[in-house]
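Asks: Turn these sequences into a full structure, and let the hints steer you where they fit.
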Amino acid sequence: MSAEVHGGRAPTAISNETEVPSGLSAPSASASNGLFSSVMQGNPYFSAGFGLMIMGGALAYARTGLRWAASAAQRRLLVSLEIPSKDRAHPWFLHWMGAQAAAQALRRKAHHGHLPRESIGEFLGLTSPMAPADAPANDPLRAASGQMVAPVRIISRELAVDTQETENNASGSGMQPNGSERGPASFSLVPGPGTHWFRYRGVWMRLQRERNGKMVDLTTGAPWETVTLTTLAAYQHLFPQLLNEARQLALSSTLGKTIVFTSWGAEWRPFGHPRRVRELGSVVLPSDRKEEIVNDLTRFLGRSTWYAKRGIPYRRGYLLHGAPGSGKTSFITALAGHLGFNICLLNLAERGMTDDKLTHLLSNAPERSIMLLEDIDAAFLGRNTHAPERHADGYQPNVTFSGLLNALDGVASGESRIIFMTTNHLERLDPALIRPGRVDVICELGDAEDRQVHELLIRFYQTDLVEQRVHKVRLANGVDPAEFAQAPQPPDYDAPYYQRALLETTENLQALAQELATHVRSATARRRMALGLDERGHEPGTQPAVTRRAARGGVSMAELQGLFIRFPDDPRAAVEAFAAENELR
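Residue 325 in our numbering sits at position 314 of the sequence shown; the count goes up by one each step and never skips.
In short, the hints are calculated from the structure, not lab data. Values in this document were obtained by computation on a predicted structure and should not be read as measured data. Ideal placement from N, C-alpha and C gives every residue a C-beta, glycine not left out. It is possible that part of the hints are untrue.
DEER-style ranges, computed between Cβ atoms [claimed, not checked]:
id, residue 1, residue 2, range
1, Asp441, Ala196, 49 to 59 Å
2, Gly276, Thr517, 33 to 43 Å
3, Glu302, Gln219, 53 to 63 Å
4, Glu302, Ala196, 42 to 52 Å
5, Arg119, Val288, 31 to 41 Å
6, Thr517, Leu312, 34 to 44 Å
7, Ala244, Thr316, 34 to 44 Å
8, Lys268, Glu221, 23 to 33 Å
9, Pro324, Ser82, 47 to 57 Å
Below, simulated DSS-like cross-link-like pairs (lysine-lysine); rule was C-alpha separation at most 25 Å, straight line [claimed, not checked]:
id, residue 1, residue 2
10, Lys97, Lys301
11, Lys301, Lys268
12, Lys97, Lys368
Replies: Right under this line is the structure:
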């Protein structure tokens with residue numbers, strides 16, 4: 012039934028629901044919601060655990076998000092450079108760190124135990140510290156080019172020690188039995204394994220040194236190490252600059268020295284410390300053979316383009332043969348120092364050496380180096396045996412004769428290579444080994460000749476005897492001996508007294524050299540006669556040939572050098588001792 016509208020009001024809808032008494036309950040959604048909320052609100056343990064669960068989940072998601080964001084930012088904003096210990100740049104960078112640590116120790120010592128304060132610009136990376144202009148010549152930050160490297164302060168809490176002990180040989184007395192002349196030791200604290208920070212050219216970099224104790228280099232026994240540098244991607248161009256700077260510092264430590272490399276597995280590694288360069292004039296060879304080899308090698312080094320245009324492999328081989336003590340190895344060492352080259356010492360009988368490894372070593376030698384194969388006759392007895400001889404201990408080398416020939420000038424042989432071979436028995440070498448192309452120059456170094464005796468004796472004694480005469484002249488002219496000992500003055504080479512002392516000393520030494528040469532000829536003749544050799548030191552009836560053995564049986568240059576070392580200040584005593592000792596033979 013419709014309801015009438017009274018007074019303009021809208022009709023009110025009549026509910027069809029039946030009113031439920033207050034004492035009764037009916038199932039409904041509101042009732043279930045009330046039950047769940049009452050349980051959560053009424054149980055404090057359940058409420059607290061659910062809240063912690065929500066909070067833990069939120070933190071876990073936040074941490075994952077932060078990690079992802081940091082990883083994404085690192086991939087986009089940062090760049091890393093890995094330097095494994097197998098790479099050549101690894102020892103360069105370690106030397107750079109050591110030089111920076113040594114320079115930092117020197118600066119701390121100069122400032123009474125404290126480093127100089129950094130400016131605000133240096134701390135913020137806006138400016139870089141400048142190298143001191145008055146640095147000494149032996150400053151650890153002086154590069155091979157002569158320029159100074161800017162100092163870098165490495166922030167580190169994990170240090171390693173680099174100990175260097177030097178001999179105090181300023182007095183020229185050399186090594187002493189009681190160790191009284193032992194020099195001080197220097198300790199440089201370098202960054203050890205761990206994470207370090209430094210600022211290079213105003214840019215912050217992270218340095219990480221990691222060592223894997225389970226992985227070692229089988230050739231050296233050293234643990235495998237990796238250096239990782241990390242910086243902003245916009246500054247990755249600083250990595251090559253840093254490595255080149257480290258290389259220049261490493262080269263400065265070997266400047267004026269000769270490095271001897273030996274094979275460690277399939278790689279070349281420096282053997283010991285760099286050696287002092289031996290003067291080429293200290294090696295006295297017969298006739299003009301030293302000048303011939305030096306001139307030939309100098310021409311070869313300047314003709315790389317000439318070889319390339321004619322399609323000729325750019326390599327050169329030399330063979331020095333002669334009696335033991337004739338100066339073969341000494342000349343090669345002095346020649347390498349004269350040319351600024353290093354020496355790669357190759358042992359064909361080394362354990363683990365194979366044909367493939369030999370070819371790899373000959374093709375991957377360090378730059379500016381001379382390959383040296385000593386006593387090449389002892390490696391193979393001839394081409395008839397494809398396998399080398401077994402040693403006394405049962406070990407048999409794996410390098411074959413054909414493998415050596417292919418490594419010298421085969422298809423896989425390298426170029427830009429200089430090889431020197433030495434032997435005491437030229438007649439034992441197979442003609443295939445010393446043919447042109449493998450050996451280009453064959454030089455014989457025999458026993459001591461008259462000219463060698465003169466030159467060696469004058470070189471040993473002239474300088475010291477002249478200085479002794481000049482010292483006596485100065486003392487005679489009223490120079491205080493104590494003052495002269497404290498501050499010795501260099502001689503005036505144009506002064507009349509020096510020229511007179513030089514002339515008198517040279518005349519006396521030439522007379523002694525002539526006397527010694529006479530004794531050497533007599534001793535050589537007696538020794539060769541006892542061995543059944545002719546006056547040239549060869550078998551009777553042999554003709555000069557490429558494959559004949561060198562002259563032998565006479566007095567070697569090594570014997571004369573040992574004689575002069577026994578009498579370093581008295582040439583007359585040396586000559587008399589040689590004459591007396593050879594009369595008894």
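Asks: Give a verdict on every hint.
Replies: Comparing the hints with the structure gives:
Between aspartate 441 and alanine 196 the beta carbons are some 52 Å apart, a value that agrees with the proposed interval 49 to 59 Å. Separation of glycine 276 from threonine 517 is about 53 Å and departs from the stated range, judged on CB atoms against 33 to 43 Å. The beta-carbon spacing between glutamate 302 and glutamine 219, approximately 54 Å, falls within the hinted interval of 53 to 63 Å. Checked against the hint of 42 to 52 Å, the pair glutamate 302 and alanine 196 passes, with Cβ atoms roughly 44 Å apart.
In this structure the supplied range 31 to 41 Å holds for arginine 119 paired with valine 288, their Cβ-Cβ distance being about 34 Å. Between threonine 517 and leucine 312 the C-beta distance comes to about 36 Å, which sits within the given range of 34 to 44 Å. Take alanine 244 and threonine 316: their Cβ atoms lie about 41 Å apart, and the range 34 to 44 Å holds. Roughly 32 Å separates the CB atoms of lysine 268 and glutamate 221, a value that falls within the hinted 23 to 33 Å.
Proline 324 and serine 82 have their C-beta atoms about 52 Å apart, which keeps the hinted 47 to 57 Å range intact. At roughly 39 Å between alpha-carbon atoms, lysine 97 and lysine 301 are farther apart than 25 Å, so this suggested pair is violated. A distance of roughly 21 Å separates the Cα atoms of lysine 301 and lysine 268; the hinted pair therefore holds under the 25 Å criterion. The suggested pairing of lysine 97 with lysine 368 holds, with an alpha-carbon distance near 17 Å, which does not exceed 25 Å.
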